[in-house]
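Residue numbers (my numbering), protein chains in the order written: chain A, 1 to 521; chain B, 1 to 521.
Just so you know, the hints here were simulated from the structure itself, not pulled from any lab data. It cannot be assumed that every hint is accurate.
Straight-line C-alpha distance at most 30 Å; calculated DSSO-like pairs for lysine-lysine [what the hints assert, rightly or not]:
no. : chain 1 : residue 1 : chain 2 : residue 2
1   : A       : 102       : A       : 240
2   : A       : 368       : A       : 386
3   : A       : 368       : B       : 424
4   : B       : 385       : A       : 240
5   : A       : 67        : A       : 385
6   : A       : 169       : A       : 267
7   : B       : 240       : A       : 405
8   : B       : 103       : B       : 241
9   : A       : 103       : B       : 349
10  : A       : 424       : B       : 385
11  : B       : 169       : B       : 104
12  : A       : 86        : B       : 240
13  : B       : 86        : B       : 169
14  : A       : 368       : B       : 102
15  : B       : 240       : B       : 287
16  : A       : 241       : A       : 287
17  : A       : 103       : A       : 240
18  : B       : 368       : A       : 240
19  : A       : 385       : A       : 86
20  : B       : 287       : B       : 169
21  : B       : 241       : A       : 86
22  : B       : 102       : B       : 36
23  : A       : 240       : A       : 43
24  : A       : 169       : B       : 240
25  : B       : 241       : A       : 241
26  : B       : 349       : A       : 240
27  : B       : 86        : A       : 241
28  : B       : 241       : A       : 385
29  : B       : 368       : A       : 267
Every value quoted in this text rests on a predicted model; they were computed, and no experiment measured them.
2 protein chains.
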Amino acid sequence: MFTRVKSAVASFMGGIMAVSSINNSDRSGGSDLPLKYPYMRPKFLGLSPDEIECSADHIARPILILKETRRLPWATGYAEVINAGKSALNEDQACCEVLLVKKKPIGSLTPRKTSTSRRRSSLPNSVGMGMWENDACICPQDSQEGLIFHYWALFDGHAGSGAAVMASKLLHQHIVEQLQGVLEVLSNLASLPPTVLGDEPNHQSSPCTHRTLNRAASLHGATGAPGSPCTPPTRFFVEKKIYHESLVIGALENAFKIMDAQIEREKSIYNISGGCTVLVVVFLLGKLYVGNAGDSRAIIIRNGEIIPMSTEFTPESERQRLQFLGFMQPHLLGGEFTHLEFPRRVQRKEVGKKMLYRDFTMTGWAYKTIEDEDLRFPLIYGEGKKARVMATIGVTRGLGDHDLKVHDSNIYIKPFLCCFPEVKVYNLTQYVHEADDVLVMGTDGLWDVLSNEEVAETVTSFLANCDPDDLNRYTMAAQDLVMRARGVLRNQGWRIDNDRLGSGDDISVYIIPLMFGNRQP
Amino acid sequence: MFTRVKSAVASFMGGIMAVSSINNSDRSGGSDLPLKYPYMRPKFLGLSPDEIECSADHIARPILILKETRRLPWATGYAEVINAGKSALNEDQACCEVLLVKKKPIGSLTPRKTSTSRRRSSLPNSVGMGMWENDACICPQDSQEGLIFHYWALFDGHAGSGAAVMASKLLHQHIVEQLQGVLEVLSNLASLPPTVLGDEPNHQSSPCTHRTLNRAASLHGATGAPGSPCTPPTRFFVEKKIYHESLVIGALENAFKIMDAQIEREKSIYNISGGCTVLVVVFLLGKLYVGNAGDSRAIIIRNGEIIPMSTEFTPESERQRLQFLGFMQPHLLGGEFTHLEFPRRVQRKEVGKKMLYRDFTMTGWAYKTIEDEDLRFPLIYGEGKKARVMATIGVTRGLGDHDLKVHDSNIYIKPFLCCFPEVKVYNLTQYVHEADDVLVMGTDGLWDVLSNEEVAETVTSFLANCDPDDLNRYTMAAQDLVMRARGVLRNQGWRIDNDRLGSGDDISVYIIPLMFGNRQP
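Extracted from the complex, chain A is given alone in its bound form (with noise of 0.2 Å):
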């Protein structure tokens, strides 16, 4: 398939500079120190360095699609393009693998005294390609050695590659890592996690400690007060029921921490540059997790109908936390910015007079007579997509901007980006899919474009006249999605459905078939 593109694409080849010097360019970036993972594109397209150098044509944009040779798990399809010009570089990476969580020798999670709450286990390794290869995955979700999970995973860069990159050759490593320290829990479905682990339940007779005494008998009598810690003793060991399903979530949470605190150590010796968005998908004993950390989404159609499973993370969604950071925490602002938020700059003339603004507690607006203060620049500003904490950037959560600060100051912007997942849970097992149910998973060179309804319909339609034996109908379904959003170069301007303008930014897609999902114990 990527042939065919590829001959379309040769004739705008010379418009192009060689992807050896927009490496060399993208590398730099005034840093000294080497590369940590060179630029690549996603190892499952298995391309050549001379396909890689083709795919980065601004002009003839081609958009890549798995080889009929290639089969990603579940049949999944996948394709993607580069941007218009935005970057040298697409820096959108994408991941797809099959793992193992391996388990680890008997007593290994007993807990010690002088155990550091991380484990420095060696990382398991994928189960491999060959599994998939030839046909649609069929893996036992259990298996002897431990616990097989699927991933697919999305990486949206922004200012270099270098985060997007190291996210997509790491990220799934540190999963497994996490769900390795709660794997017998995982294994063990016939009874609720343990709070303790390695521990017997034997609350009923330990004696309070001094401390929490102290605690308790101050509680004892508070007003409202719950029970109290030691009297009576039976409510004292009351405890919430925690299910498998959280543990998973926070698998994948802490993932995600652990990933971004390996490119701020790492940033010391290897060049790791920009950062990216994370959107990726776990089916993990017949659940879906879906984690969004950024701007990318994922929905589900089924039979027609449009499941949201992520949200996205944007200065507009995440104002109010960044704005209470900012009230809470002044001088993360740099005497620069205003907490505040206001309908456009403010001006000097116009302190003294009253203004609408709204504060971190607000959703609707108010009139405020306007101070020397407010004249700073407003912490989040803009509109859409335009909208930018601190003038910077346009997308709050995600991994890596460790050194991301304020041109031209000493502002840092990481303070107000996070790191975690919002992770939502979707019980493949309690429903029967069929062939045409998927889930879409999009950069938002997708959805800027196009909304949930036209992606739903475009790829339902698509998958209605495609033959339901022929496993690349995927592929070509997320190639006809990214197309459409793409749309065709007219009038020096990429141009889609009813003249709207087409995604300059870079596009990736996967669409999963989930009756696939449904064959597995």
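Could you slot chain B onto chain A? The hints should help.
Below, chain B alone, put in the same frame as chain A:
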């Protein structure tokens, strides 16, 4: 209607204290200051002191309803019942008014350099009961004198009735005052609210100030920077469009803030005990604004469909906000609490073991190695109705509580509480409403025992069996709802359908028919 209740109550009178002595016990609370307002029941019930005395019977728990000769706007139904003994008085309060936002003298909105952010105008009066005394209200939405709006409110007090009584007397006046500040803007629906008051839209020619230029210049060329303030000038003046609706929301939000500040201020001269949740509904210019700070709830039932119009704010629903605050400002925890959440109290012998926890960034759970610090009491502890902030309070938004401390400590709760409501908007003019389409407002006493579906089913079937011309039907439906939530005294306990436990809490319910909103311009 009350008379019938009163006679039913009479036989239980031996068991209750005289209201005067109840009042005294509530009044004192260790304070020598005078009450700001005496204890009362809602003004619109028109109860005599004798009737108020009878109502405070924790054994009979008479259900109080509107007398037949009294009407609320739109023939609104209302019913209430006292708790089963958890506090001497019914700590719920209610207020319903039709209010006029008076025009101010021309020119008074012109801002002055020296103006303070809060004007000290005289507070306008309510339109007066006479308008709906004898029939459903027929009020002009707008009048020569200003703007008229409808107002329904429920206050659920705790740790005393002072804050609830005060808020029920004054909050609507603060709303009037806030709306007065934007009256001219709201009266001109033909154009969007101006960003600056009393200013001609004359931006293009204004030069940037020195400070603005500095920031603008420094941001010019920043990675991903939006339109920099001064360059190009056309982008500097891009303004966010703010709609009239947002100004009403902002007015409600700030009215709550000012009400809370007034309680704090006047606590030095009056005895204003406890705190209260607030649920208000404002009908203005064709829209219903539902503002909620606390755990009361409002739903619309339209053609049998349930439309939730509020969400509850509890230690569980606001966990991440509270933990984030505790993490950012650890001194607020007084060295006694940890911002981390655990499924139960940690015991000293568990230090060094791995226990489930979650931080403010997480919705899932993971294991961490327990350290000494984790022995502190969790900031959020308990589940469901028993969840508490710092072992003290089970609701996280509302008014008052300025003096509330953790028992036997100097740790204040108030920094963790939020006085701002969440405001949801329902455009009445977008739908045609039938006689059985209603908005139900209730304190948590109702919703603790009845689900949205049960409430909708109860109200819908009750109204279907009423004479559609009987304007008392909404009050009778409210009475029925309170009866079903309270239940009957059986085997020394209050029992409802299916032998479930009835609510032992104060219960207050409005049922507001929506068709009357459509009949007004």
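Which numbered hints fail: 5, 23, 24 and 25
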